[in-house]
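Engineer: So the chains spell out like this:
2 protein chains.
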Amino acid sequence: MNATRHFIAGTIGAVMLACAAGMFLAAAKPEVKPVRYGSVIGLRAEKLDEYKKLHAAIWPEVAKRIRDVNIRNYSIYLRKLPDGQYYLFSYFEYVGTDFEADMKRMADDPDTKRWWKVTDPCQKPLDDRQPKEWWASMDEVFHQD
Amino acid sequence: MNATRHFIAGTIGAVMLACAAGMFLAAAKPEVKPVRYGSVIGLRAEKLDEYKKLHAAIWPEVAKRIRDVNIRNYSIYLRKLPDGQYYLFSYFEYVGTDFEADMKRMADDPDTKRWWKVTDPCQKPLDDRQPKEWWASMDEVFHQD
Chain U
34 MNATRHFIAG TIGAVMLACA AGMFLAAAKP EVKPVRYGSV IGLRAEKLDE YKKLHAAIWP
94 EVAKRIRDVN IRNYSIYLRK LPDGQYYLFS YFEYVGTDFE ADMKRMADDP DTKRWWKVTD
154 PCQKPLDDRQ PKEWWASMDE VFHQD
Chain Z
34 MNATRHFIAG TIGAVMLACA AGMFLAAAKP EVKPVRYGSV IGLRAEKLDE YKKLHAAIWP
94 EVAKRIRDVN IRNYSIYLRK LPDGQYYLFS YFEYVGTDFE ADMKRMADDP DTKRWWKVTD
154 PCQKPLDDRQ PKEWWASMDE VFHQD
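From first to last, the protein sequence lines stand for chains U and Z.
Take any residue in the first sequence, count from 1 to its spot, add 33: that is its number in our numbering.
Take any residue in the second sequence, count from 1 to its spot, add 33: that is its number in our numbering.
No lab work stands behind these hints, which were simulated from the structure alone.
Honestly, I wouldn't trust all of these hints.
Listing some non-contacts, in silico: residues in chain U with all C-beta distances to chain Z over 12 Å [stated by the list, open to error]:
(1) Y70
(2) G71
(3) A78
(4) E79
(5) P115
(6) G129
(7) T130
(8) F132
(9) E133
(10) D142
(11) K150
(12) D153
(13) D160
(14) D161
(15) P164
Label-pair restraints from in silico Cβ distances [unchecked claim]:
(16) Z:D153 with U:K150: 38 to 48 Å
(17) U:F132 with Z:E94: 11 to 21 Å
(18) U:P143 with Z:V151: 45 to 55 Å
(19) Z:E133 with U:A89: 23 to 33 Å
In this text, a Cβ means the ideal position worked out from N, Cα and C, and glycines have one as well.
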């Protein structure tokens, strides 16, 4: 009788422990604090439709690689500005620990290379961008979580 | 003996139930799915420093109101574009359920009004913005979580 009781109590105890561990894991967010990136690039007026169509349904292998290299919450916006030119503004959050290595992994990916062969000719990078940049980085002047 | 056993089993059962409820609450995210907003506005070159300084330390009452009206993850970026003009690009996520009402609450707030009296003269809104807009909204052409 005592053995049965101990067995039941032991089982229930184990379940409770698993339960507590589950709660702890659900509460703890193991992801790194994101680093935000805002960038800008020109978009050729004659490529407007092509660019929009491509991005309304990006290739699954490209989407997967974006995720693999720790990019999250990635948006691209479009606006015609007072100079009559179109510009694209991108915002994303990087949740990895080695941005340069991850960007290299993206640039080395054959699918991403094929994708950029299609999207690059749509874009018109800024002349005063930093060396190695395609999209020109912008300065963050304000942030509030 | 039986009564003791029932009491122990009952107590353990109740704790497990509370445990499960806790896990459920931890897993369920009660916040509304955010709606993203990207906007652009010009910044007067002679106001560059003033605008940066203001936004490096925004007034606590303005920060509080931004949060109160359900704006989250709010960033403003700055870049000089090929036309030689400076532009500000904003990105934020709205987590409320009535955007118009919340924006009205912000516009009616005396502290925010005082803040805008200082920041508006720094900015140069786009001529082709929508009626009622100050910052001109941009079109989202891509998003990936």
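Engineer: The structure should be examined with respect to each hint, and the outcome stated for every one.
Structural biologist: Right, here's what the structure says about each hint:
1. Y70: 9 Å, violated
2. G71: 4 Å, violated
3. A78: Nearest chain Z Cβ is 14 Å from U:A78, so the label holds.
4. E79: 16 Å, holds
5. P115: 6 Å, violated
6. G129: 16 Å, holds
7. T130: U:T130 is indeed farther than 12 Å from all Cβ atoms of chain Z, at 20 Å.
8. F132: At about 17 Å from chain Z, U:F132 clears the 12 Å cut-off, so the statement holds.
9. E133: Holds, because the least Cβ-Cβ distance between U:E133 and chain Z comes to about 21 Å, which exceeds 12 Å.
10. D142: 16 Å, holds
11. K150: U:K150 is indeed farther than 12 Å from all Cβ atoms of chain Z, at 18 Å.
12. D153: 15 Å, holds
13. D160: Check fails; 7 Å does not lie beyond 12 Å.
14. D161: The claim breaks: U:D161 does not keep its Cβ more than 12 Å from every Cβ of chain Z (closest is about 8 Å).
15. P164: 17 Å, holds
16. Z:D153 with U:K150: 38 to 48 Å: 44 Å, holds
17. U:F132 with Z:E94: 11 to 21 Å: 36 Å, violated
18. U:P143 with Z:V151: 45 to 55 Å: 52 Å, holds
19. Z:E133 with U:A89: 23 to 33 Å: 27 Å, holds
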